[in-house]
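**Student:** Please build the complex by placing chain B on the supplied structure of chain A, with the hints as guidance.
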Amino acid sequence: MTVSRLPSAALSLKQFLHRQKVLGIYRNMLRTIRRVPDEADRKFLRDWARDEFHRNKNVTHEDAIRMMITQASNHLEELQKSLALAHS
Amino acid sequence: MAARVLQQCVRSFARPSLRLCSNNLALRVTAAPAAAVHRPLSFAADSRRTRWLVQSRIPSVGVLCRQYGDLPPLTLETIKERVMYVLKLYDKISPEKLQTSSHFMKDLGLDSLDQVEIIMAMEDEFGFEIPDAEAEKLMTPEEIVQYIADKKDVYE
Numbered sequence: 001m002t003v004s005r006l007p008s009a010a011l012s013l014k015q016f017l018h019r020q021k022v023l024g025i026y027r028n029m030l031r032t033i034r035r036v037p038d039e040a041d042r043k044f045l046r047d048w049a050r051d052e053f054h055r056n057k058n059v060t061h062e063d064a065i066r067m068m069i070t071q072a073s074n075h076l077e078e079l080q081k082s083l084a085l086a087h088s
Numbered sequence: 001m002a003a004r005v006l007q008q009c010v011r012s013f014a015r016p017s018l019r020l021c022s023n024n025l026a027l028r029v030t031a032a033p034a035a036a037v038h039r040p041l042s043f044a045a046d047s048r049r050t051r052w053l054v055q056s057r058i059p060s061v062g063v064l065c066r067q068y069g070d071l072p073p074l075t076l077e078t079i080k081e082r083v084m085y086v087l088k089l090y091d092k093i094s095p096e097k098l099q100t101s102s103h104f105m106k107d108l109g110l111d112s113l114d115q116v117e118i119i120m121a122m123e124d125e126f127g128f129e130i131p132d133a134e135a136e137k138l139m140t141p142e143e144i145v146q147y148i149a150d151k152k153d154v155y156e
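So the sequences go chain by chain: A and B.
Number 68 in the working numbering belongs to position 68 of the first sequence; there are no gaps in the numbering.
Number 53 in the working numbering belongs to position 53 of the second sequence; there are no gaps in the numbering.
Extracted from the complex, chain A is given alone in its bound form (with noise of 0.2 Å):
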């Protein structure tokens, strides 16, 4: 996902977007692992996240990508609500 090449060569319009898409999602997803209240389970948590990411790191299919991205954002999605649920 995160095309891993030298930072001098050019990215496609589309690669580097869904590149943005992913760093974002990344980061989105470890400042909500940050809210959750167990120290263990944010660890859990964090090396899900860091494994599932750094697993399709070279995954090239566009679809492939784009699934995937989807995916990480309904993960995130349920995470955000179900610490709503537990903060409230």
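Please note that a few of the clues may not be correct.
Estimated spans, in silico, between C-beta atoms of each pair [said to hold, decoys possible]: (1) A10/A with H103/B: 18 to 26 Å; (2) K152/B with N74/A: 33 to 41 Å; (3) D153/B with S12/A: 39 to 47 Å.
Short, incomplete list of chain A residues facing chain B, as computed with Cβ under 10 Å [said to hold, decoys possible]: (4) V22; (5) G24; (6) R27; (7) F53.
Think about it this way: if two alpha-carbon atoms lie no more than 30 Å apart in a straight line, the pair counts; the simulated BS3-like pairs of lysine-lysine are [said to hold, decoys possible]: (8) K80/B with K43/A; (9) K21/A with K137/B; (10) K57/A with K88/B; (11) K97/B with K152/B; (12) K57/A with K137/B.
It should be emphasised that the hints constitute simulated quantities derived from the structure, not laboratory data.
Every residue gets a Cβ at the ideal spot worked out from N, C-alpha and C, and that includes glycine.
**Tutor:** For chain B alone, coordinates are given in the frame of chain A:
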């Protein structure tokens, strides 16, 4: 009724601690909002307060200062130390190769996901959020130190 309770508390604080000026300030500060809320009782509170202040020997003006709690002031040196410490704790960086000018991607072989994690760790360490647009430009420890010094108004 709350004002009455507050006055009783204030009275019990005032007696043993008449020497401490900061407590007097605290009295003045806490009594003021209470007085503002309950007008009919405020005259009585005022007269009682002035009586205590007149009776107490208020120390000289030098002690009439407010005290706030805060962290020790940041300097470029301390920022740099903390940044390097956090980076050394990161498991994908080998501490020997780490220097202030080492580029995350070119020298240390990290990728953009790792860079996001590193910036998150910096946010945790220094306690303020770094927006996305500026976070993705920070590629060396030196740049991070400069950015934090910028945001926290640290000059040298």
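**Student:** Would you say the C-beta atoms of K152/B and N74/A sit inside 33 to 41 Å of each other?
**Tutor:** 37 Å, holds
**Student:** Classify the hint on F53/A as holds or violated, based on whether any CB of chain B lies nearer than 10 Å to its CB.
**Tutor:** Holds, because the Cβ-Cβ distance from F53/A to chain B comes to roughly 6 Å (cut-off 10 Å).
**Student:** Check the following: the C-beta atoms of A10/A and H103/B are separated by a distance inside 18 to 26 Å.
**Tutor:** 19 Å, holds
**Student:** With the threshold set at 30 Å, check whether the alpha-carbon distance from K57/A to K137/B stays at or below it.
**Tutor:** Judged against 30 Å, a Cα distance of about 20 Å means the pair holds.
**Student:** Is the straight-line distance between the alpha-carbon of K80/B and that of K43/A 30 Å or less?
**Tutor:** Between K80/B and K43/A the Cα gap is close to 27 Å, so the pair holds against 30 Å.
**Student:** Taken at face value, is the distance from the CA of K137/B to the CA of K21/A at most 30 Å?
**Tutor:** 16 Å, holds
**Student:** Would the stated hint for G24/A survive a check requiring a Cβ distance to chain B of less than 10 Å?
**Tutor:** At about 6 Å, which falls below the 10 Å cut-off, the nearest Cβ of chain B leaves the hint on G24/A intact, so it holds.
**Student:** How about V22/A: closest beta carbon in chain B under 10 Å, or not?
**Tutor:** The hint holds - V22/A has a Cβ within 10 Å of chain B, the shortest such distance being about 8 Å.
**Student:** Closer than 10 Å between Cβ atoms is the bar; does R27/A clear it against chain B? Give me holds or violated.
**Tutor:** 5 Å, holds
**Student:** Taking 39 to 47 Å as the hint, is the beta-carbon distance of D153/B and S12/A inside that range?
**Tutor:** 41 Å, holds
**Student:** With a cut-off of 30 Å on the C-alpha distance, tell me whether K97/B and K152/B pass.
**Tutor:** 28 Å, holds
**Student:** Between K57/A and K88/B, does the CA-CA distance stay at or below 30 Å?
**Tutor:** 24 Å, holds
The structure is consistent with each of the numbered hints, conforming to all of them.
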